[in-house]
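Asks: Got chain A sorted already, so can you dock chain B onto it with the hints?
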Amino acid sequence: MDSTALCTLRDCTFAYSGEGAALRNVTLHVRAGELVMLVGPSGCGKTTATRLVNGLAPRHFTGTLTGHACTGGLEASRAPLESHARVVGSVFQNPKTQYFHARSTDELAFPCENAGMPAPQIRERVRQVAARFGIADLLDRAIVNLSGGQQQRFAVASAAVLEPAVMVLDEPTSNLDTASMARLHGMIAALKADGVAIVIAEHRLAWCADLVDRYCVFDGGELLGTYTAREFEALPATQREAWGLRALDVSEDRARIAALARAPHTSHGEGTPVLGTRGLEVGYRKRALFRRGVEFSLRIPDVDVYGGQIVGIMGRNGAGKSTFARTLCGLQAPLAGTVELGGESARASALSRAAALVMQDVHYQLFAESVRAEVMLETVQAGGELAAAREQCDALLGELDLLDVADRHPMSLSGGQKQRLAIAVALMGKKRFVVLDEPTSGLDRAHMMQVGALLRELADRGVAVLVITHDDELAAHWCDRILALD
Amino acid sequence: MTAAARAAGVRTRALRLDPRAKLTMLAVANVLMFLHAGPAAQSLAVVLFSLPLLFGGKAAAGVRMLAVYGVLCAVEWASALGVDRLPWLHIAGATAAGVCMMMPCLTAGMAMFATTRPGDMVCAMRRMRAPDALVIPVVVMMRFFPTIRHDYRLIRQSLRLRGFAGGGMALARHPLRSLEYILVPLLMNAANVARDLTVAGLARGLGAPGEPTSMVELRMRAVDWLAVALSLAPLAVAAVTG
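In order, the protein sequences belong to chains A and B.
Quick note on the working numbering: the first sequence kicks off at 130 and runs consecutively.
Quick note on the working numbering: the second sequence kicks off at 882 and runs consecutively.
I should point out that these hints are in silico values taken from the structure, not numbers from a laboratory.
Incorrect hints may have been included.
To be clear about the criterion: a stretch of chain B counts as covered by chain A if any three or more of its residues have a C-beta under 8 angstroms from a C-beta of chain A, and this derived list gives those stretches [stated by the list, open to error]:
1. 1024–1032
2. 1069–1083
Computed footprint of chain A on chain B; a stretch qualifies when at least three of its residues, placed anywhere within it, have a C-beta under 8 angstroms from a C-beta of chain A [what the hints assert, rightly or not]:
3. 957–971
4. 989–1003
5. 1035–1041
6. 1055–1066
BS3-like mimics (lysine-lysine), calculated; alpha carbons at most 27 angstroms apart, straight line [said to hold, decoys possible]:
7. A:K415 <-> B:K939
8. A:K225 <-> A:K415
9. A:K321 <-> A:K225
10. B:K939 <-> A:K225
Glycine included, C-beta positions come from ideal geometry on N, C-alpha and C.
Just chain A, same shape as in the assembly:
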């Protein structure tokens, strides 16, 4: 055993209660100042490995652990979870569900308060950590109003505020844009320079490739191999793709995106565009007791979108991409300008009838008790012809690979299946355009390519496809045009 390791998993096998082994005979160790990246396709066991490191398994996520999992002198199976909080800082995937407080400053103070630090010391520590990570200008703000990227920086800062010896990050960049990833890179570099042992589980490799010391490749709960950064980079790209990993270098993708974004946005296809914007300005107004005024606004360049095209909508976190999407779907009134449907200015209700929106959290939009009933919902409610609709529904489910699960409850499906179901609903409703919000966040390469192929299939049916994304690889491989909103 390596005596200098801050974090050790030795021959660890772990099974969640009532399930098969999620992790089998895994051995890895991380020393002070080292960054170890856990990589592999979805469900490969890397998240479980991070939970053994920060003590969440088997203490919170119960199950049976054999082997030896030790972090900063604490045994995962023996030490209480609360004592792990001082030794390990943890950051999770979704920035929206890991803050507790309404104000950003309070969030940084939270771990110190739980640790019972005296008040003057907490204030000093909060000031220090904010200065160190360059987020002092974001102190004392309402966290809801911060962008996803800013929220994630607070999550890292709040995990680091007790100066833990080990930091664990589970897919921290799933929801982040390029600039936010660069900022996160800076924070990780600072932690590494201070001698913190860092474990990151990720699909996206490019953002911190220069800081990684070792890569641990997982598949099916097993550790396939451990590679030094140099060995890993020397592997052929096809090998990394076969493991389901994202690209190590996305500069080519970014160059292609930049080229696509430079192309003119209007008069770009044949016939009449499905959707167009003219002088559009989107945003929302303030809602307070005695104040009125525009709280946020964004000018959209004039765009035409034709059936059969996939248009990527890109831009930093908080640029207004989702507001733009809601305006296109007629869910929100524009501040100025018009949205055109088939070449004519359209009212909100007409847009809503023509639009489908596949949300990032798909479970907000599935209502029925079975997959088939979900697709048939509108027909049943409208009292339409059921036999013909059922035939059409089953044909669609077959094409989207959902026929096997047609009688299951939509909530019991996997994330990808839910996405395909939402698309089946859109096709059944004969929607003219479909907007997808971040359909590939947190997906490995194979699943990302599947989503891309699905978008193409949708476009080939004559639907105009708009996809909001931060995913350079999705945009470069599958989009016909890019609209950059910055």
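Replies: Relative to chain A, chain B alone:
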């Protein structure tokens, strides 16, 4: 002045009561409801319990609570005047009276959740020797309320795109269907958010043994004791007026 500076300014000027004072209000409000307190005690309680909202930086919420109470009282009064000629008004009057009875509780609860930092709540509950099994759910719930509104909006939007009206009219016309379509996704998502939040909280040392502290020292100041004394006033009024 930047938005941040303005926000900070609002914050320093805002009245910041100790959570224990606000808990006292909530307890008094519950006792009033239990006792079926008369209109004098009830209206005094609503006005008093909206003060933490009005002076704690949540003026809009406070005004809204008072306005709702005003409308309910007006409905109760008007239906009492007209019930001889229009017997069905009795239903409106009885409903208004019933909701009025809950208003002290709703106002005190709103003041509790809208103006208290979760950290302060942990600290105050620990000082009161509340067990972890109570503290952690309460704190997760506090963080949780604002997300429900956000979720509800998203669900209504997706209902609209599917061609179903998700507004109040639809709720009135197809109450069961609307409830199912809104509640099922809401609860599913609530379960996911609660799971994530619990994990994030535990990883930040929520529930650690020993007494947690607060960044802003938490103690009962003169104004807190004054608030406790004032919040007992409706009980005295209820005792006198019967």
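Asks: Hint by hint, note whether the structure agrees.
Replies: Hints, one by one, checked against the model:
For the region 1024–1032 of chain B, the proposed coverage by chain A is satisfied: 3 residues have a C-beta within less than 8 angstroms of a C-beta in that chain, meeting the threshold of three. With a threshold of 8 angstroms between beta carbons, the proposed coverage of the region 1069–1083 of chain B by chain A holds, since 11 of its residues qualify and at least three are required. Counting residues of the region 957–971 of chain B whose beta carbon lies closer than 8 angstroms to any beta carbon of chain A gives 0, which falls below the threshold of three, so the coverage claim is violated. With 4 residues having a Cβ less than 8 angstroms from any Cβ of chain A, the region 989–1003 of chain B passes the three-residue criterion, so the hint holds.
Only residues whose C-beta sits within less than 8 angstroms of a C-beta in chain A count toward coverage, and the region 1035–1041 of chain B has 6 of them, enough to reach three; the restraint holds. Under a criterion of three residues with beta carbons nearer than 8 angstroms to beta carbons of chain A, the stated coverage of the region 1055–1066 of chain B is upheld, 4 such residues being counted. At roughly 15 angstroms between alpha-carbon atoms, K415 of chain A and K939 of chain B fall within 27 angstroms of each other, so this suggested pair holds. In summary, the hint linking K225 of chain A to K415 of chain A is supported, as the alpha carbons are separated by about 22 angstroms, within the 27 angstroms threshold.
Between K321 of chain A and K225 of chain A the CA atoms are separated by roughly 26 angstroms; this keeps the pair inside 27 angstroms, and the hint holds. The straight-line distance between the Cα atoms of K939 of chain B and K225 of chain A is roughly 23 angstroms, inside the 27 angstroms bound, and the hint therefore holds.
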